[in-house]
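Single-letter residue listing:
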Amino acid sequence: MIMRLHAARIPILAAVLLAAPPLVAQELADELQEPDMDQFVTVDEFDETMDEIDQKIGQLEAVRPGSRDFMVTGYATATYADLDGSASDFIAGFNPIFLFRPAEDLLFEGEFEFNTSEGELNVEYAQALWSANQWMTVGAGKFLSPLGQFTERYHPAWINPLPDAPLFAAHDGLVPTTLTGAQIRGGIRSGSTIWKYTVFVANDTQLSEADEGGGGTEGAEGPPVGYGTVSDLSQSKAFGGRVAVLPLPWLEVGFSAMSSSPNDTSGAALGDLTLYGADVSAHRETAVGFVRADAEFVTLSLDDTDTERWNGGYLQCALRPNFGGTQLSDFQGVVRYDWIAFPTGVPSDLEPSRWSFGVNYWIAESTVCKLAVERLDFEGEQSNSILLQLATGF
Amino acid sequence: MRYSYLTRTVLVVALTVTAGLAVSACASPRDEAPLAGAILWQQTCQQCHEFRSPADYDDQQWETLVEHMRTRANLPAEDAEAILAFLQSGN
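Quick note, the sequences are listed as chains A and B, same order.
According to this note's numbering, the first sequence holds residues 1 to 394 in order.
According to this note's numbering, the second sequence holds residues 1001 to 1091 in order.
Calculated directly from the structure, the hints in this document are not laboratory data.
Remember, predicted model here, so these are calculated numbers, not experimental data.
Treat the hints with care, since some could be wrong.
Said to hold, decoys possible - For lysine to any residue, the following SDA-like pairs were computed, each having C-alpha atoms within a straight-line distance of at most 25 Å:
hint: 1; chain 1: A; residue 1: Lys56; chain 2: B; residue 2: Asp1059
hint: 2; chain 1: A; residue 1: Lys196; chain 2: B; residue 2: Gln1047
hint: 3; chain 1: A; residue 1: Lys196; chain 2: A; residue 2: Gly241
hint: 4; chain 1: A; residue 1: Lys196; chain 2: B; residue 2: His1049
hint: 5; chain 1: A; residue 1: Lys56; chain 2: B; residue 2: Gln1061
hint: 6; chain 1: A; residue 1: Lys196; chain 2: B; residue 2: His1068
hint: 7; chain 1: A; residue 1: Lys56; chain 2: B; residue 2: Thr1064
hint: 8; chain 1: A; residue 1: Lys56; chain 2: B; residue 2: Ser1089
hint: 9; chain 1: A; residue 1: Lys196; chain 2: B; residue 2: Gly1090
hint: 10; chain 1: A; residue 1: Lys142; chain 2: B; residue 2: Ala1036
hint: 11; chain 1: A; residue 1: Lys196; chain 2: B; residue 2: Glu1081
hint: 12; chain 1: A; residue 1: Lys196; chain 2: B; residue 2: Ala1055
hint: 13; chain 1: A; residue 1: Lys196; chain 2: B; residue 2: Leu1065
hint: 14; chain 1: A; residue 1: Lys142; chain 2: B; residue 2: Met1069
hint: 15; chain 1: A; residue 1: Lys142; chain 2: B; residue 2: Ala1077
hint: 16; chain 1: A; residue 1: Lys56; chain 2: B; residue 2: Gln1043
hint: 17; chain 1: A; residue 1: Lys196; chain 2: B; residue 2: Phe1051
hint: 18; chain 1: A; residue 1: Lys142; chain 2: B; residue 2: Arg1072
hint: 19; chain 1: A; residue 1: Lys196; chain 2: B; residue 2: Ala1036
hint: 20; chain 1: A; residue 1: Lys56; chain 2: B; residue 2: Tyr1057
hint: 21; chain 1: A; residue 1: Lys142; chain 2: B; residue 2: Leu1065
hint: 22; chain 1: A; residue 1: Lys196; chain 2: B; residue 2: Asp1058
hint: 23; chain 1: A; residue 1: Lys142; chain 2: B; residue 2: Asp1058
hint: 24; chain 1: A; residue 1: Lys196; chain 2: B; residue 2: Ala1073
hint: 25; chain 1: A; residue 1: Lys196; chain 2: B; residue 2: Met1069
hint: 26; chain 1: A; residue 1: Lys237; chain 2: A; residue 2: Leu251
hint: 27; chain 1: A; residue 1: Lys196; chain 2: B; residue 2: Gln1043
hint: 28; chain 1: A; residue 1: Lys237; chain 2: B; residue 2: Ser1089
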């Protein structure tokens, strides 16, 4: 009876064989013959044969189209935003990430962004990565800006403890969200210290020079906008990178820089843009719970003049208290201060700054419900927002 | 003005490198054993996000995901390999 139940795996093998690439499947099939049940004298002999069949099934699963090194991951959100002085809004977002690894040292990755507030499909990033050796990976395509930490690592909604991005890192903020070009990056361990580096060359930034609409706050005189253009109107390129060190496993300190010669949308040169950034993150388990402390500061200038200099950043601390494994441990508190400062001559009340306070409930290891209250100081007025977001990583 | 900012940046980077090397020299014994995958998984993944259970994916999927994460987080290759071995042993 047991033998007959185990023999049920043979039809599974047949089904997998049918789905596998014909040549490979045929080779594997040739190695296998349906076992003659009369040949088994002992249960051990039978189990041994069944184990061999299981191994072959595993090999066939690995070569079946669509199952080998291809997977879809990503995240999704549902957000309710109630902003002072404007209509409340429901927003849905869906960001599938496709990963395909046709060879051990080659990876293609792409993220697509569907968002009801923007009403369009956006290719967040799409790049090919070649792992050249133990300490260097070469990438080409459209990639997340490696300047600082937030844009590249913390922006996914199920990772960011608050429902929105800091002002300087928003899509029309001081830091380009994406770049199109090539990058070399890696990490090196030296004892207990880890060094990280990324250098890139990319299409030059295309900007609308210091006009309204930038800085993540509509109507403000903001930084140049239009980062992340796919095509390049100029002959020059943007260069930059980030170097970081982890002197302790829970502490990362990084510095970023970018040099670019941006154009406006007509192709006219706007001068030299220089961006510097510094970031610190400390994430560790403490006696009171898991603490996430992050800070990032960015300054950028046109032609290195202080009269054409913007800066911005954020300070954030999140705590997921340890209540001895009770359900209260699933709660997380977070507070953030973020701001953007404009060039000399711009009235300070036009410079946005914001306090955000949030309480999150972790429903599962990658699913979180966030409630946040934000207070924005801008144009001499204070406005409050309430944001409720359900985010899940998959 | 251009050189003053550049100089400042170079100085800050140089100071960071020096500080990192100093802490590294003080903190790590010369013949330090490689860290176990479970410890690295705990130290590394939680730097950005909540833990994903090893049981969430199969061996093949973990290979792809760890390669994705290795690039994104600039993980040293030996750390990524140890984390992968741990994840594959625990699913």
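For each hint, the structure was consulted:
no.: 1; hint: A:Lys56 <-> B:Asp1059; result: 16 Å, holds
no.: 2; hint: A:Lys196 <-> B:Gln1047; result: 14 Å, holds
no.: 3; hint: A:Lys196 <-> A:Gly241; result: 11 Å, holds
no.: 4; hint: A:Lys196 <-> B:His1049; result: 19 Å, holds
no.: 5; hint: A:Lys56 <-> B:Gln1061; result: 19 Å, holds
no.: 6; hint: A:Lys196 <-> B:His1068; result: 16 Å, holds
no.: 7; hint: A:Lys56 <-> B:Thr1064; result: 22 Å, holds
no.: 8; hint: A:Lys56 <-> B:Ser1089; result: 20 Å, holds
no.: 9; hint: A:Lys196 <-> B:Gly1090; result: 28 Å, violated
no.: 10; hint: A:Lys142 <-> B:Ala1036; result: 35 Å, violated
no.: 11; hint: A:Lys196 <-> B:Glu1081; result: 17 Å, holds
no.: 12; hint: A:Lys196 <-> B:Ala1055; result: 29 Å, violated
no.: 13; hint: A:Lys196 <-> B:Leu1065; result: 19 Å, holds
no.: 14; hint: A:Lys142 <-> B:Met1069; result: 17 Å, holds
no.: 15; hint: A:Lys142 <-> B:Ala1077; result: 23 Å, holds
no.: 16; hint: A:Lys56 <-> B:Gln1043; result: 37 Å, violated
no.: 17; hint: A:Lys196 <-> B:Phe1051; result: 22 Å, holds
no.: 18; hint: A:Lys142 <-> B:Arg1072; result: 14 Å, holds
no.: 19; hint: A:Lys196 <-> B:Ala1036; result: 20 Å, holds
no.: 20; hint: A:Lys56 <-> B:Tyr1057; result: 20 Å, holds
no.: 21; hint: A:Lys142 <-> B:Leu1065; result: 19 Å, holds
no.: 22; hint: A:Lys196 <-> B:Asp1058; result: 29 Å, violated
no.: 23; hint: A:Lys142 <-> B:Asp1058; result: 29 Å, violated
no.: 24; hint: A:Lys196 <-> B:Ala1073; result: 8 Å, holds
no.: 25; hint: A:Lys196 <-> B:Met1069; result: 14 Å, holds
no.: 26; hint: A:Lys237 <-> A:Leu251; result: 33 Å, violated
no.: 27; hint: A:Lys196 <-> B:Gln1043; result: 16 Å, holds
no.: 28; hint: A:Lys237 <-> B:Ser1089; result: 45 Å, violated
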